[in-house]
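Going down the list, the sequences are from chains A and B. Read left to right, the first sequence gives residues 11 to 276 (this note's numbering). Read left to right, the second sequence gives residues 11 to 276 (this note's numbering).
Any given hint could be a false lead.
A pair holds if it fits inside one copy or across any two, identical chains being indistinguishable in the list.
[To be verified] EDC-like, lysine to aspartate or glutamate: derived pairs with alpha carbons at most 16 Å apart:
1. Lys172 x Asp102
2. Lys136 x Asp102
3. Lys86 x Glu35
4. Lys69 x Glu100
5. Lys92 x Glu12
6. Lys215 x Glu35
7. Lys69 x Asp236
8. Lys112 x Asp190
No lab work stands behind these hints, which were simulated from the structure alone.
So you can see what is in the structure, the chains are spelled out below.
2 protein chains.
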Amino acid sequence: MEHITSTRNPQLQEMRRLHKKTHREASGFCLVEGIQPCLRAIENGLHVEFLIYAPELLKSPLALMQIADLQRRQIKVLTASKEAFATISERDNPVGLALVAKANPLDLGKITVGKLSILTALFNVKNPGNLGTIVRTTDSIGGSGVILVGQTADPYDPTCIKASMGTVFSVPLARSTEEDFLAWCHDRQVALITTSAQATMDLAKAKFAYPCAVLMGSEGPGLPRDILTGGHWAVRIPMYGQANSLNLAVATGIILYEVRRQLNQN
Amino acid sequence: MEHITSTRNPQLQEMRRLHKKTHREASGFCLVEGIQPCLRAIENGLHVEFLIYAPELLKSPLALMQIADLQRRQIKVLTASKEAFATISERDNPVGLALVAKANPLDLGKITVGKLSILTALFNVKNPGNLGTIVRTTDSIGGSGVILVGQTADPYDPTCIKASMGTVFSVPLARSTEEDFLAWCHDRQVALITTSAQATMDLAKAKFAYPCAVLMGSEGPGLPRDILTGGHWAVRIPMYGQANSLNLAVATGIILYEVRRQLNQN
Numbered sequence: 011m012e013h014i015t016s017t018r019n020p021q022l023q024e025m026r027r028l029h030k031k032t033h034r035e036a037s038g039f040c041l042v043e044g045i046q047p048c049l050r051a052i053e054n055g056l057h058v059e060f061l062i063y064a065p066e067l068l069k070s071p072l073a074l075m076q077i078a079d080l081q082r083r084q085i086k087v088l089t090a091s092k093e094a095f096a097t098i099s100e101r102d103n104p105v106g107l108a109l110v111a112k113a114n115p116l117d118l119g120k121i122t123v124g125k126l127s128i129l130t131a132l133f134n135v136k137n138p139g140n141l142g143t144i145v146r147t148t149d150s151i152g153g154s155g156v157i158l159v160g161q162t163a164d165p166y167d168p169t170c171i172k173a174s175m176g177t178v179f180s181v182p183l184a185r186s187t188e189e190d191f192l193a194w195c196h197d198r199q200v201a202l203i204t205t206s207a208q209a210t211m212d213l214a215k216a217k218f219a220y221p222c223a224v225l226m227g228s229e230g231p232g233l234p235r236d237i238l239t240g241g242h243w244a245v246r247i248p249m250y251g252q253a254n255s256l257n258l259a260v261a262t263g264i265i266l267y268e269v270r271r272q273l274n275q276n
Numbered sequence: 011m012e013h014i015t016s017t018r019n020p021q022l023q024e025m026r027r028l029h030k031k032t033h034r035e036a037s038g039f040c041l042v043e044g045i046q047p048c049l050r051a052i053e054n055g056l057h058v059e060f061l062i063y064a065p066e067l068l069k070s071p072l073a074l075m076q077i078a079d080l081q082r083r084q085i086k087v088l089t090a091s092k093e094a095f096a097t098i099s100e101r102d103n104p105v106g107l108a109l110v111a112k113a114n115p116l117d118l119g120k121i122t123v124g125k126l127s128i129l130t131a132l133f134n135v136k137n138p139g140n141l142g143t144i145v146r147t148t149d150s151i152g153g154s155g156v157i158l159v160g161q162t163a164d165p166y167d168p169t170c171i172k173a174s175m176g177t178v179f180s181v182p183l184a185r186s187t188e189e190d191f192l193a194w195c196h197d198r199q200v201a202l203i204t205t206s207a208q209a210t211m212d213l214a215k216a217k218f219a220y221p222c223a224v225l226m227g228s229e230g231p232g233l234p235r236d237i238l239t240g241g242h243w244a245v246r247i248p249m250y251g252q253a254n255s256l257n258l259a260v261a262t263g264i265i266l267y268e269v270r271r272q273l274n275q276n
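Chain A on its own, in the form it takes in the complex (with noise of 0.2 Å):
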């Protein structure tokens, strides 16, 4: 196995330029680091390119166990020195694991709607960290999907991936521009449930139903007039102090849950 000491070594350099996403997005590839994520992407039947690891740092057996399962299936694995494992990494502490994978949204066409479905959209989010523990929610109540609409950020970015915890790569993705989503929508009957702080609909007294998506706007900005008065469900969440807003991702768990509790009783 080829050991890595220098940072010039052409598979270290691969994982530097996926940082940018231009270079993801012509490559179709994407750099995932991190024992969760690494384990999540290769659970999930991710196309593996090659993974690096570095010895003096990753002590997880349940790490190096897949990592000798990759091996066996003739995956390209290469080891490097903490020094060199630190030129692809952007935490404090790198943890000595990374991969370089295939990954790319879906087309909205493959998501599957049943009758149990609750999924997520995110018009024009733009923080991957938003978006990467956005997505971490949606696994958590068992969501059929998130759906990136407009110019929502990638998920793929490292950032994103790590919020994640990886579920970028469990939970289905698809992008979408706002006319295709809405199509999608009524022809599948999933029924929109919008936010914002001028809806008279309380969150916890609305009537949820299957299948439904809970939408959510842009940081800052929300979600454009058109689609509020469009949505099924225009629901308020009720705020008691001096700030008129939460942040995205914790007005989108609370949202989530919600849903998730009210349709569990019926």
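We have chain A already, so just place chain B on it with the hints.
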């Protein structure tokens, strides 16, 4: 009014020093940046030592009105060039407003508990962004305060102030040891709500009652066992996906809203 163009101006130097926790603790002052946080600090009656704004950047009429009002009250106001202001800012696009104010957590005894109080308590929460987001959510449910137990981060870290949208200046905050906090809860009959993946009671099925405190553990290890077993309600957020945990600020938001929802029905 003094117009600052030199980055070696003593007020700018003081602001830059306040990025450091050690200097905040030694001086009892903190740096507040941005329109919402500064307005909230002023509206909540904090002692403002001085304020600096960059006329080239700051266009908010509300902020300019508040500045004029501070000047009438003989509070020191300085202007700075855009370039000089940038040296104190942690933002990519500074809005050109910052101030230095006196801010310290209260003694625990100063936190008022009423018959309808819901509190948040954080045990060893290290990330200032999470802390600020949780204070913001506590404000939004009308919470009576946030208790910073053990080694919890500094609420006056600029990252925390920003994430809180300035609600660190409106929500009562207190620091406490674990022992003092538990004794205080006992004395004031504040019932503790704890959460863990091992708890058997579903969050939605607990029957919460006033007054209560939602106690959250640190990112990663969560709450120590002795605290978990000592809580009145040990609840589990139901998880249906591959990830076995939620982001801390999202989990706190989900629990605080569920407590608020249940108690609103009483």
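How the hints compare with the structure:
| no. | hint | verdict |
| --- | --- | --- |
| 1 | Lys172 x Asp102 | within (13 Å within a copy, 22 Å between copies) |
| 2 | Lys136 x Asp102 | between (24 Å within a copy, 15 Å between copies) |
| 3 | Lys86 x Glu35 | neither (22 Å within a copy, 51 Å between copies) |
| 4 | Lys69 x Glu100 | neither (19 Å within a copy, 36 Å between copies) |
| 5 | Lys92 x Glu12 | within (14 Å within a copy, 51 Å between copies) |
| 6 | Lys215 x Glu35 | neither (43 Å within a copy, 45 Å between copies) |
| 7 | Lys69 x Asp236 | neither (52 Å within a copy, 29 Å between copies) |
| 8 | Lys112 x Asp190 | neither (25 Å within a copy, 52 Å between copies) |
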